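**Student:** Those protein sequences? They're chains A and B, same order as listed.
Going by the working numbering, the first sequence opens with residue 1, and the numbers climb by one from there.
Going by the working numbering, the second sequence opens with residue 1, and the numbers climb by one from there.
Hints listed in this document are in silico derivations from the structure and should not be mistaken for laboratory results.
A hint or two may mislead.
Derived coverage of chain A by chain B (criterion: at least 3 residues anywhere in the stretch with Cβ under 8 Å from a Cβ of chain B; other residues may be distant) [unchecked claim]: (1) 125-139; (2) 146-160.
Simulated crosslink set (DSSO-like; lysine-lysine; CA at most 30 Å straight-line) [as the list claims (entries may be wrong)]: (3) A:K136 to A:K150; (4) A:K160 to B:K161; (5) A:K160 to A:K150; (6) A:K136 to B:K161; (7) B:K161 to B:K247; (8) B:K161 to B:K201; (9) A:K160 to B:K247; (10) B:K247 to B:K201; (11) A:K52 to B:K161.
From a predicted model like this one, the values you see are computed outputs, not experimental measurements.
Glycine included, C-beta positions come from ideal geometry on N, C-alpha and C.
Spelled out, the chains give:
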Amino acid sequence: MMRRLLPPLLALLALAGPLPALAEQLATVLLDTELRAEPYSDAGVIAALPAKATLTILQRQGGWYQARHGTQSGWVRMSAIRMGEASGGGSSGISETLQFLSSGRSGASGVTVATGIRGLDAADVANATPNHQAVKTLERFQVSAAQAQKFAANSRLQSKPVNYLEASEERP
Amino acid sequence: MMTRLTALLAALLLLPAATCQAGFFDKLKEGLESGELDLGQTIEQAKQAFGEVSPAQEQAVGEEAVAVLLGAVPLLGNDPLQRYVNRVGHWVALHTERQQLPWRFGVLDTDDVNAFAAPGGYIFITRGLMLRMQSEAELAGTLAHETVHVVEKHYLDAVQKQAQMDLAVNVAGTQVAAEERAKLERISSGFRELYSRGLDKEDEFEADRKGVVIAARAGYDPYGLPAVLQTLAGMNPEDAALAFLFKTHPPPSQRLGLLEPLFSRLDPYARQPQLQQRFLRQMAQLKKTP
């Protein structure tokens, strides 16, 4: 419960000062992997990480997370972990994935009742009365292509030619 | 089938002659406003050029879809954040095959974690999802996923298939006959059902697969979308804020599993900017929202 509130809270705290870039979060190793000195697959191995080990995630760089395991810290491939704890529960990612790995089937998603949040659910949409006036409001925030390009140029974002990827043959 | 149609569309848009595409919209609008345009004829021509649904029709359908969404949840009353999301989103959308669309983005005022698209270039993200993000690359990746639903016409196809409805809406603003009103109302009810049920899983997987590439094209670290999926996977599935998302999307862990074999292809772009500080500065705006 507390952990669920933590990431947004830390995100806000991070605004106040030089705090960790990413909120700390626990993750579980899916399959045996390694903790490496740097976020590269040919970087030195700091420790072997067995499946189901719990890590504390510190930050992300590309497809790698910097993580702490016991007293050691290093980098682990994003594909080797899932956020959440394997035991003691409640993480959708882990229970799902472990179930998926053992049965080849995906588990049912958790569906629960909203309590005390300003939520949105299927019934809200199914019973919605169309609000055409609100659609017009969107034009107030709309930006032109030129404005978007200027915005990108201000932040060193550069267009790159990249081809779409075919779906992988191997289905997990 | 859809891919071929989209490819055709993209090819048409890229033709030098079609540089008048933007002009086409302007003329259409002018013509409509002045009442001088023979709309029936225009739509017929557009149909021949673009396939079943003309751009003007797609806009009209999109407006109905958005009216349904915004009838269920209001826009966040925070103009600076709305404009920021429009800048990021429009820049991302310029790296799709439908960059000429009048792209519009909106942040929805709900704690629920979700994002939506509508035909014609409308994209929505909830405040609840933005609060769980760590960087602009994550926002860009999520918006890129949504642009794919628009570019590939996932919602348009689904609503058409579902209701087997005739989308040949006459969009003549001057004279909306009762019959046309009835058609629009059928479209509304189609979207009420579609948004509460969600798209096909395969549409979501395609949007993930293409979304990471679009983010890379826009110069962002392409792992933003996978990172968001990791965050969702790590949340308590009993969290009420996830209920709607989980009802309408495949499980985040399965989506990650399908993306992971493609990760090696993203690595050449992994050092592109995440723009964490800019994102967090913008999110500070949320604190000012009552």
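**Student:** Now look at each hint and say whether the structure bears it out.
**Tutor:** Against the structure, the hints come out as follows:
1. 125-139: Satisfied; 13 residues make the cut.
2. 146-160: holds (count 11)
3. A:K136 to A:K150: With Cα atoms ~25 Å apart, K136 (chain A) and K150 (chain A) stay inside 30 Å; holds.
4. A:K160 to B:K161: violated (36 Å)
5. A:K160 to A:K150: Roughly 16 Å between the alpha carbons, so the hint for K160 (chain A) and K150 (chain A) holds.
6. A:K136 to B:K161: Status holds; Cα separation ~28 Å.
7. B:K161 to B:K247: Roughly 20 Å between the alpha carbons, so the hint for K161 (chain B) and K247 (chain B) holds.
8. B:K161 to B:K201: Holds, because 16 Å separates the two Cα atoms, which is no more than 30 Å.
9. A:K160 to B:K247: violated (35 Å)
10. B:K247 to B:K201: holds (11 Å)
11. A:K52 to B:K161: With Cα atoms ~44 Å apart, K52 (chain A) and K161 (chain B) exceed 30 Å; violated.
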